[in-house]
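Undergrad: Sequence:
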Amino acid sequence: MERGAAEGIPATADAAPAADAPEEGLTVAVWGLTFKAGTGDLRASPAPEIARRGVAAGAPIHAFAPPGAALSSGPAVVGDPALACEGADILLVATEWPGFVRQDFARIAEVMATPVVLDARNLLDRDVMRRAGFVYEGIGIP
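Mind the numbering: the sequence shown is residues 25 to 166 in this note's numbering, read in order.
In case anyone wonders, no lab produced these hints; they're calculated from the structure. We put the CB at the ideal spot given by N, CA and C, even for glycine. Treat each hint with caution, since some may be false.
Between beta-carbon pairs, the in silico distance windows are [claimed, not checked]: (1) A80 - G111: 17 to 23 Å; (2) D104 - G157: 18 to 24 Å; (3) P122 - A81: 30 to 36 Å.
All chains should be built: construct the whole structure from the sequences, respecting the hints.
TA: Here you go:
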């Protein structure tokens, strides 16, 4: 299986099990669709396919990606990270864009239906997120 450079994640979402699609009834915000920060390259990122699977399963997906990472199909991409979170049940941080750590997380927690974050990049500070009112889960963090 091909791997993303130094990230240790599958280069294609075909390698990810079908269970990686969000549960029916959940609204999911996805931050970052590219395989790494500073690029518009979607080729080695599992995030777009996970988002497409969610859409196909009927889950509303609100994605934010910095300019240059538009999808030809799947979720609509919005222009602001906080806007992507409005009404969301869970936030998936899929790419380690530096601007993600500088968000007003107290405000974002208020606009989410359920302030839960799944940080696939371990980018966000767990204590900061919990103080802002989030249930925080970092992948690979005990």
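Undergrad: With respect to the beta-carbon atoms only, verify the hint that A80 and G111 lie 17 to 23 Å apart.
TA: 20 Å Cβ-Cβ, so the 17 to 23 Å window holds.
Undergrad: Can you tell me whether the CB distance of P122 to A81 sits inside 30 to 36 Å?
TA: holds (31 Å)
Undergrad: Given a hint of 18 to 24 Å, does the C-beta separation of D104 and G157 actually sit inside it?
TA: holds (20 Å)
Of the hints listed earlier, there is not a single one the structure fails to meet.
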